[in-house]
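*Asks:* Protein sequence lines, in the order shown, are assigned to chains R and B. All letters in the first sequence, in the order written, are residues 104 to 409 by my numbering. All letters in the second sequence, in the order written, are residues 104 to 409 by my numbering.
The hints are simulated quantities; they were obtained by calculation from the structure and are not laboratory data. Do not take every clue at face value.
What the hints assert, rightly or not - Here are a few chain B residues that face chain R, going by a calculated C-beta distance under 7 angstroms: (1) I181; (2) N187; (3) G250; (4) N251; (5) M259; (6) N267; (7) C275; (8) F300; (9) N344; (10) R375; (11) N380.
Unchecked claim - SDA-like, lysine to any residue: derived pairs with alpha carbons at most 25 angstroms apart: (12) K311(R) <-> D207(R); (13) K231(R) <-> T179(B); (14) K369(R) <-> K274(B); (15) K378(B) <-> E382(R); (16) K378(R) <-> Y269(B); (17) K369(B) <-> Y269(R); (18) K231(R) <-> K231(B); (19) K294(R) <-> T374(B); (20) K131(B) <-> S163(B); (21) K274(R) <-> S163(B); (22) K125(R) <-> D393(R); (23) K274(B) <-> R273(R); (24) K378(B) <-> K311(R); (25) K378(B) <-> I181(R); (26) K274(B) <-> A323(B); (27) K133(R) <-> K231(R); (28) K294(B) <-> K161(R); (29) K369(B) <-> G278(R); (30) K369(R) <-> K369(B); (31) K378(B) <-> G392(B); (32) K378(R) <-> G272(B); (33) K274(B) <-> K294(R); (34) K378(B) <-> G272(R); (35) K378(R) <-> R280(B); (36) K161(R) <-> S203(R); (37) K197(B) <-> E382(R); (38) K378(B) <-> R176(R); (39) K387(B) <-> D257(R); (40) K378(R) <-> A323(B).
These numbers come from a predicted model, not from an experiment. The C-beta atom is built at its ideal place from N, Cα and C for all residues, glycine as well.
Protein chains: 2
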Amino acid sequence: MKYSIGLDVGGTNIRGAAISIKGEILFKSKLATNVSSGRESVTNNILTLINSIITHMKSSPISVGIGVAGLIRGETGIVSESPNFPDWIEYDLKTTLQTSLNLDLLVENDANAAAVGEGWLGSAKEEKNYCLLTLGTGIGGGVVLGGNIWRGVDGMAGELGHINIYPEGRKCGCGNRGCLEQYASAQGIVKSAIEAFPSKTLDNISAKDVFEMAQKGDSAAIHILSDAGRSLGIAITDLVNILNVRMFIIGGGVAGAWDYLIGPIKEEIFTRAYKVNRENVVIKRALLGDDAGIVGAARLAIDRAE
Amino acid sequence: MKYSIGLDVGGTNIRGAAISIKGEILFKSKLATNVSSGRESVTNNILTLINSIITHMKSSPISVGIGVAGLIRGETGIVSESPNFPDWIEYDLKTTLQTSLNLDLLVENDANAAAVGEGWLGSAKEEKNYCLLTLGTGIGGGVVLGGNIWRGVDGMAGELGHINIYPEGRKCGCGNRGCLEQYASAQGIVKSAIEAFPSKTLDNISAKDVFEMAQKGDSAAIHILSDAGRSLGIAITDLVNILNVRMFIIGGGVAGAWDYLIGPIKEEIFTRAYKVNRENVVIKRALLGDDAGIVGAARLAIDRAE
């Protein structure tokens, strides 16, 4: 059976799957990333996982797609920088892997891969124009226009977590202030919680704790999640006015607080966006969970090979 | 000689030109719009101007392109709403004109047309990816991706004047609060001036007055223009992070205050945008002035006819 391998190289695990060209997940596997062991060791772990999938499948894939968090320089497959891998600076992951694997290979930003995955088998099926926002520790983004990932001139488009919410707001890891990520990611929710509950610190509260407090009816926790939703609504309004896309897919762990987020998201868009642009806006939860990136990476690899 | 007619239907004048397919402006003409005389009368004025250009040229154009401020529903040429023409609600301008003119005709948002114009004969020549911001009474925007205007799903993309700057900021005509337009348009600069100089009112200060005060060294006026530049820098940072385009063209009357704007614009982008995305950003002043829209409308008409 013709298949491709999709990989998601995360900070904790490298996850991979063999996926048929029709979109069936044939086999899944994972391996610890071991970031602390350094670049060469992580690269070897990637190769080990690919080879173990090939061994299991008893045939070679037509291509391999690899999703990595960070800034990927377009089609070169060079990882310019990655939040998960401090020692990957202008790291030519693609060429390095290709010298060991005689396979067609591509490297893609993990959020872009996830956006393609949701468009192939998930929430954005049949959609040609949509944005994906992945609410994890940070916020990843993918912009699909006319059926293709919009990568921008340097392959760096879609940094949706860094849309301005409050120009003088919280300091962000990207160097800016008041980015969406500072309010609607797990990290942002924790910061809101520390502001709301002065006895809490980074070590003794998590976004999940806030969610569980909200479920027990704690009004401050509900307010924190509602503010996260409002920030998302403001950022989506920008995207609606700039791009006039209709569909927004929201994934990642924080999307688990959907019931607390979706009302404020919609309210902000309805209050703020240009009337004609907002008329047909649809906000959906991502369907594929952690598999979106793997599925999308495989799909990009299939498209490239065919 | 093969030529098209480009028109810019503004609130005060309808301006038009015959432009050769090589980009030579062969003949220019204008007529008062007379908005207050109503939709039919304005439509007749448009027809009169087109016919007078044809008479002068002694031959028919291959096509006609018309730029109008407002929301144009994609390729249909229906004006959904226009700030200049309160009675143009879902007005089918294209069909109306075509029943009187036996010519290939298109209607485009004026800022989109201006973006195309600057890309053909102006500041963005040879560029495939750029945004235009036109700082007039309000702020118009055009987004060019891969050499084409990105119109969005409903033809409503590029509302760059309504990018969020301050979520709880000044009330905007679009229904939102804190839009770029409220700080960096002529209207926004006047609002800043009224805040800074409590003795001033809408009737006794204009954006031009602020500019002239700045030129005389008034520090409050310089501060107002610098704040307008900062807001532009914040909005451009969003566009840099979302779209990863490198070139931004700034036009419109307020761009006359360039020397006061450009420093703060660049400073904000440099402080705020993702490093890799901002590396190659270029901010340029529009070159074609009031002709950008006419030139772009003609170019779109030529592309369509050929």
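*Asks:* Please name the hints from earlier in the document that this structure breaks, with their numbers sorted from lowest to highest.
*Replies:* Hint check: 1, 2, 3, 4, 7, 8, 12, 15, 21, 24, 27, 28, 30, 31, 33 and 40 fail, others pass.
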